[in-house]
Amino acid sequence: MFISFFLDLRKAGIPVSITELLSLLSALKAQLADFNIQAFYYLSRTALVKDERHYDRFDQVFAATFNGLENDMSLDEIFASIPDEWLKKQAEKLLTEEEKKKIQSLGGWEELMETLKKRLEEQKEEHHGGNKWIGTAGTSPFGAYGYNPEGVRIGQHESRHRRATKVWDKREFKNLDDNVELNTRNIKVALRKLRKFARQGTEEELDLDGTIRSTASNAGYLDIKMVPERHNAIKVLLLLDIGGSMDDHIRICEELFSATKTEFKHIEHYYFHNFTYEYLWKDNSRRYDEATPTMDIINRYPSDYKIIFVGDASMSPYEITYPGGSVEHWNEEAGSVWMQRLLTAFPNAVWLNPDKEKNWDKRPSNQITRQLLSNRMYPLTIGGLGSAIQILLRKPVAAPNIEFTH
Amino acid sequence: MSNNTFQGTNDYVATEELTMAVNAALTLERPLLIKGEPGTGKTQLAIEVAKSLDAPLIEWHIKSTTKAHQGLYEYDAVSRLRDSQFGDDRVHDIGNYIVKGKVWEAFTTDKRAILLIDEIDKADIEFPNDLLQELDRMEFFVYETQELVKAKHRPLIIITSNNEKELPDAFLRRCFFHYIRFPELETMEKIVDVHFPSLKKDLLAEALGLFFEVRDVAGLKKKPSTSELLDWIKLLLAEDLTAKTLRESNDNILPKMHGALLKNEQDVHLFERLAFINRRQRNDQ
Chain A
960 MFISFFLDLR KAGIPVSITE LLSLLSALKA QLADFNIQAF YYLSRTALVK DERHYDRFDQ
1020 VFAATFNGLE NDMSLDEIFA SIPDEWLKKQ AEKLLTEEEK KKIQSLGGWE ELMETLKKRL
1080 EEQKEEHHGG NKWIGTAGTS PFGAYGYNPE GVRIGQHESR HRRATKVWDK REFKNLDDNV
1140 ELNTRNIKVA LRKLRKFARQ GTEEELDLDG TIRSTASNAG YLDIKMVPER HNAIKVLLLL
1200 DIGGSMDDHI RICEELFSAT KTEFKHIEHY YFHNFTYEYL WKDNSRRYDE ATPTMDIINR
1260 YPSDYKIIFV GDASMSPYEI TYPGGSVEHW NEEAGSVWMQ RLLTAFPNAV WLNPDKEKNW
1320 DKRPSNQITR QLLSNRMYPL TIGGLGSAIQ ILLRKPVAAP NIEFTH
Chain B
3 MSNNTFQGTN DYVATEELTM AVNAALTLER PLLIKGEPGT GKTQLAIEVA KSLDAPLIEW
63 HIKSTTKAHQ GLYEYDAVSR LRDSQFGDDR VHDIGNYIVK GKVWEAFTTD KRAILLIDEI
123 DKADIEFPND LLQELDRMEF FVYETQELVK AKHRPLIIIT SNNEKELPDA FLRRCFFHYI
183 RFPELETMEK IVDVHFPSLK KDLLAEALGL FFEVRDVAGL KKKPSTSELL DWIKLLLAED
243 LTAKTLRESN DNILPKMHGA LLKNEQDVHL FERLAFINRR QRNDQ
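So the sequence lines, in the order shown, correspond to chains A and B.
In case it helps, the numbering used here puts the first sequence at residues 960 to 1365.
In case it helps, the numbering used here puts the second sequence at residues 3 to 287.
Keep in mind the hints are simulated off the structure, nothing from the lab.
Treat the hints with caution; some may be incorrect.
Unchecked claim - To list a few chain A residues with every Cβ distance to chain B over 12 Å, as calculated:
no.: 1; residue: F961
no.: 2; residue: Y1000
no.: 3; residue: D1010
no.: 4; residue: R1259
no.: 5; residue: S1285
Unchecked claim - Keeping only pairs whose Cα atoms sit at most 20 Å apart, straight-line, the calculated EDC-like set for lysine to aspartate or glutamate is:
no.: 6; chain 1: B; residue 1: K225; chain 2: A; residue 2: D1207
no.: 7; chain 1: B; residue 1: K69; chain 2: A; residue 2: D1166
no.: 8; chain 1: B; residue 1: K152; chain 2: B; residue 2: D112
no.: 9; chain 1: B; residue 1: K124; chain 2: B; residue 2: E191
no.: 10; chain 1: A; residue 1: K1321; chain 2: A; residue 2: D1207
no.: 11; chain 1: B; residue 1: K53; chain 2: B; residue 2: E39
no.: 12; chain 1: B; residue 1: K225; chain 2: A; residue 2: E1227
no.: 13; chain 1: B; residue 1: K124; chain 2: A; residue 2: D1207
no.: 14; chain 1: B; residue 1: K225; chain 2: B; residue 2: E274
no.: 15; chain 1: B; residue 1: K265; chain 2: A; residue 2: D1255
no.: 16; chain 1: B; residue 1: K69; chain 2: B; residue 2: D132
no.: 17; chain 1: B; residue 1: K102; chain 2: B; residue 2: E166
no.: 18; chain 1: B; residue 1: K65; chain 2: A; residue 2: E1011
no.: 19; chain 1: B; residue 1: K124; chain 2: A; residue 2: E1011
no.: 20; chain 1: B; residue 1: K124; chain 2: A; residue 2: D1168
no.: 21; chain 1: A; residue 1: K1184; chain 2: A; residue 2: D1168
no.: 22; chain 1: B; residue 1: K102; chain 2: B; residue 2: E76
no.: 23; chain 1: B; residue 1: K223; chain 2: A; residue 2: D1168
no.: 24; chain 1: B; residue 1: K37; chain 2: B; residue 2: E230
no.: 25; chain 1: A; residue 1: K1194; chain 2: B; residue 2: E230
no.: 26; chain 1: A; residue 1: K1194; chain 2: B; residue 2: E166
no.: 27; chain 1: B; residue 1: K202; chain 2: B; residue 2: D242
no.: 28; chain 1: A; residue 1: K1220; chain 2: B; residue 2: E168
Claimed, not checked - Label-pair ranges, simulated between beta-carbon atoms:
no.: 29; chain 1: B; residue 1: L237; chain 2: A; residue 2: F961; range: 46 to 54 Å
no.: 30; chain 1: B; residue 1: R84; chain 2: A; residue 2: D1255; range: 46 to 54 Å
no.: 31; chain 1: A; residue 1: I1171; chain 2: B; residue 2: R217; range: 55 to 63 Å
no.: 32; chain 1: A; residue 1: E1011; chain 2: B; residue 2: S86; range: 47 to 55 Å
no.: 33; chain 1: B; residue 1: H71; chain 2: A; residue 2: S1333; range: 33 to 41 Å
no.: 34; chain 1: B; residue 1: K69; chain 2: A; residue 2: S963; range: 53 to 61 Å
Everything numeric in this text was worked out from a predicted model, so none of it was measured.
Idealized CB from N, CA, C, for every residue including glycine.
So here's chain B without its partners, still in its complex pose:
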């Protein structure tokens, strides 16, 4: 049983609700749809599930131009047409021009694979509808070669979405769904602990306090997320800062190494303005 359930890994803190969703999807062999703020570890989840179940991971990253059939297979008609002009022998077997896609790849692995369909909402509105049958029955038909491709082992399909587009109902019906909330202080401590086990307690407390303060500042264009926090702490450690210097730098409002947390100049300006107001208030007192 332990080989078939997911409990989080040494590098990844999974909440109880998240492991429940993953295990439900694993047991019932249904796709799992994951939503959440950017940087909460949606893509990372698939990587960690694959690692913990020791299963091959196949990643399919979706772009706005991606079409559903590209995941199944593509028939390269243009090269066949070109080959025919030069009398190439390959031309007689249409199979030579069928290029396998990621879904096909996931269907033919020797053991159960994890298929990550990343950022499905980037694609066209019709994209999920075009994959319904394939996700449901885990099979599809190659018209050019009259061949039915059926999954040897039904892969666990993890789909991530950033909520840029609504997904169709028929598609949602076939998935399990989980929304990753932004972690609370407690979970955040665990996450940081997993990544930087040697981090001193007081530096961690100080850094987390600062981080949540930054997140609470109204009007930020891009709120820093978990992945940005981890980068920032990495920088702090590289510079060998202590909790004390971090606390002192706090007077300038802009935290040390803020480049890792604030990703655009408007946000930095916002902070500088706040720092200015803060100083003026202090001088007034």
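In isolation and in its complexed conformation, chain A is listed as follows:
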């Protein structure tokens, strides 16, 4: 049973090793868990999972494996695992009489929730598009941005009231997973070029060679030389487009994200949707509650941060050039204004585009973006990454001041 649990965890992408399984088994032998499933859950999690980002997946596998040990989940608990606010909001706002009838067609609320529970179990990965799985932009009844009238929107709010029991059944959706195993080390190698070792800061290290040389020339009397320590001086702000047309490029963006995370000492990431406006956010599931004003970002980071935008720059041109053009909210100032502010604050910037280069000219929004960035847009390929990095290491060019007349 433990072996299959272990294998399922690996299948779900949690990097557990035999060492960890053995340490769990010896902990069980030491009778730490005492035949109590709650204690066993805590114990196995502390022994097997080494990163809080994997807690979610662990909960899923744990629930799937050990569900039979206790009574099946009651309907109440299924409801409890779905944020209450959602149920209320959905019922109050979205349902017309007509739609309520449609819900009956699917078997009513209870049926809907049962199906949801099953889907949550079956689903192993984040999913976008399609008509069955929970994710974004599909026609399934479950997930965000769906077109099904019975749509259950998941992943926007999290329940504040976790109950003590069945913690593992309250799983939440995650952000871009930065743990994707890179198939090739290419991206990392390309990024390594961006690491520029600079000797900065105070004297810290004994320069052994220098000391020997100068002691010798000092007729054997000690003359100590110090050198500053090396450290990685590159600072990066990574701004990622998420959602909408970017769904096709999720995998490659995750790879990039995962590579950058380990390569740099100073790296900050933020998300935006289609284009930069007055808010950016760090955590995609909490984008409506915890957005950061773009102005704060401009003030917070010094201008030697280098910006890497990642996005397909494919949208309606109005989303860039007109106030109020954003698809999600009313923006007082046009996206281009915010882009130019960012570029003035951080002159060292490039845009990486996962879309194929031959498609670029077909999209007016892409042309405008390139104009704003003085053509510093590169395809998200190893080659493109290489040339983007060369540009980032050069002295920055001043961003052009372009006014769009309406």
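Given the coordinates of chain A, work out where chain B should sit on it, guided by the hints.
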């Protein structure tokens, strides 16, 4: 058995999952890695475990310039070189120039010690890798004196991290791991109760309500955490405020003594702006 397990102390509320992690690490003599939001009591945990097990606590605080070998020992070559210039006799014994580090100290205590390696993510990326062998086998070799240092009693090593850097897999494999979640209202009540047992029920309810409201305000640069809440309550008690005055001050949005909760001027500005909007809305009605 009671002497060998950790159940939380009178001053520290430990959740069931946390005590399980500590006890697993104690029983199997493995290091325990603790992560969590700043101010959730990661460092405090080591202090409390040491207190409850009556074990000596050795703290090793990591900085960005800390190197792994500094925890083991340092060979002070420079003073030896200087002594040699003046013909000091100490020079002949290299042992005089070996300075013991914190890990060495923890290995040589008379009973099991608690070794706290605080904020390991501050150090260089390679730092945890350089300690693998030492944490695993609890022994290391001093090359200068050809001496093997082995732990008399394997210490419980508690490592804290603020998630500023990813830790290497090989290192993680050897640890137990626990992520301290930000406490819920219930746990928070217990925590406050432990620190201020005489606090009146209504003042506590009011203060906690305000505190969670402040945490929920979007766009705060630094969300107040448990330690800030405790400071704030201490201030409220010192000023002898009652629940009623606290509730009234609530109209100004900025809670009384907000200096303890909000730690930078941008956040205070944010609150003042909200207060302004709030007043205007009320006047409009």
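Going through the hints against the structure:
1. Every CB of chain B lies more than 12 Å from the CB of A:F961, the least distance being 16 Å, so the non-interface label holds.
2. Not every C-beta of chain B lies more than 12 Å from that of A:Y1000, the closest at about 8 Å, which undercuts listing it as non-interface.
3. Residue-level check failed: A:D1010 sits 7 Å from the nearest beta carbon of chain B, not beyond 12 Å.
4. With a least beta-carbon separation of about 8 Å from chain B, A:R1259 fails to lie farther than 12 Å from that chain, contradicting its non-interface assignment.
5. Here A:S1285 stays apart from chain B, with its beta-carbon at least about 18 Å from theirs, past the 12 Å limit.
6. For the given pair, B:K225 sits about 35 Å from A:D1207 by alpha-carbon distance, which is inconsistent with the 20 Å threshold.
7. Straight-line distance between C-alpha atoms of B:K69 and A:D1166 comes to about 17 Å, which keeps the hinted pair within the 20 Å bound.
8. Restraint check: the Cα-Cα separation between B:K152 and B:D112 comes to about 13 Å, which is no more than 20 Å; the hinted pair holds.
9. Of the pairs offered as hints, the one joining B:K124 and B:E191 is violated, with about 32 Å between alpha carbons and a cut-off of 20 Å exceeded.
10. At most 20 Å may separate the alpha-carbon atoms for a hinted pair to count; A:K1321 and A:D1207 meet this at roughly 18 Å.
11. For the proposed pair B:K53 and B:E39, the alpha carbon gap of about 23 Å is over 20 Å, so the pair is violated.
12. Only pairs whose Cα atoms come within 20 Å are accepted, and B:K225 paired with A:E1227 is accepted, the gap being roughly 18 Å.
13. Proximity of B:K124 to A:D1207 is assessed by CA-CA distance (about 37 Å); at most 20 Å being required, the pair is judged violated.
14. A threshold of 20 Å between alpha carbons decides the hint, and for B:K225 with B:E274 the separation of about 16 Å falls inside it, so the pair holds.
15. For a cut-off of 20 Å, the pair hint linking B:K265 to A:D1255 stands: about 16 Å separates their Cα positions.
16. Taking the CA atoms of B:K69 and B:D132, the gap is near 9 Å; set against the 20 Å cutoff, the hint holds.
17. Restraint check for B:K102 and B:E166: the C-alpha separation of about 28 Å exceeds 20 Å, so the hint is violated.
18. Of the pairs offered as hints, the one joining B:K65 and A:E1011 is violated, with about 24 Å between alpha carbons and a cut-off of 20 Å exceeded.
19. A hinted pair counts as satisfied when its Cα atoms are at most 20 Å apart, and B:K124 with A:E1011 qualifies at roughly 19 Å.
20. Restraint check for B:K124 and A:D1168: the C-alpha separation of about 29 Å exceeds 20 Å, so the hint is violated.
21. For the hint linking A:K1184 to A:D1168, the alpha-carbon distance of about 9 Å falls within 20 Å, and the restraint holds.
22. The straight-line distance between the Cα atoms of B:K102 and B:E76 is roughly 7 Å, inside the 20 Å bound, and the hint therefore holds.
23. For the given pair, B:K223 sits about 46 Å from A:D1168 by alpha-carbon distance, which is inconsistent with the 20 Å threshold.
24. Annotation: proposed proximity of B:K37 to B:E230 holds, straight-line Cα distance about 18 Å (limit 20 Å).
25. Among the hinted pairs, A:K1194 with B:E230 is inconsistent with the structure: their alpha-carbon atoms are about 31 Å apart, more than 20 Å.
26. The suggested pairing of A:K1194 with B:E166 holds, with an alpha-carbon distance near 14 Å, which does not exceed 20 Å.
27. Restraint check for B:K202 and B:D242: the C-alpha separation of about 11 Å stays at or below 20 Å, so the hint holds.
28. Annotation: proposed proximity of A:K1220 to B:E168 holds, straight-line Cα distance about 8 Å (limit 20 Å).
29. At about 51 Å, the beta-carbon gap between B:L237 and A:F961 stays in the expected band of 46 to 54 Å.
30. For B:R84 and A:D1255, the Cβ-Cβ distance of about 52 Å falls inside the hinted range of 46 to 54 Å, so the restraint holds.
31. Remark: the range hint 55 to 63 Å for A:I1171 to B:R217 is upheld by a beta-carbon distance near 57 Å.
32. Checking the proposed 47 to 55 Å range against A:E1011 and B:S86 shows it holds: the Cβ atoms sit about 52 Å from each other.
33. A hinted range of 33 to 41 Å is violated for the C-beta pair B:H71 and A:S1333, which are about 48 Å apart.
34. One distance hint, 53 to 61 Å for the beta-carbon pair B:K69 and A:S963, is violated here, with the actual separation near 43 Å.
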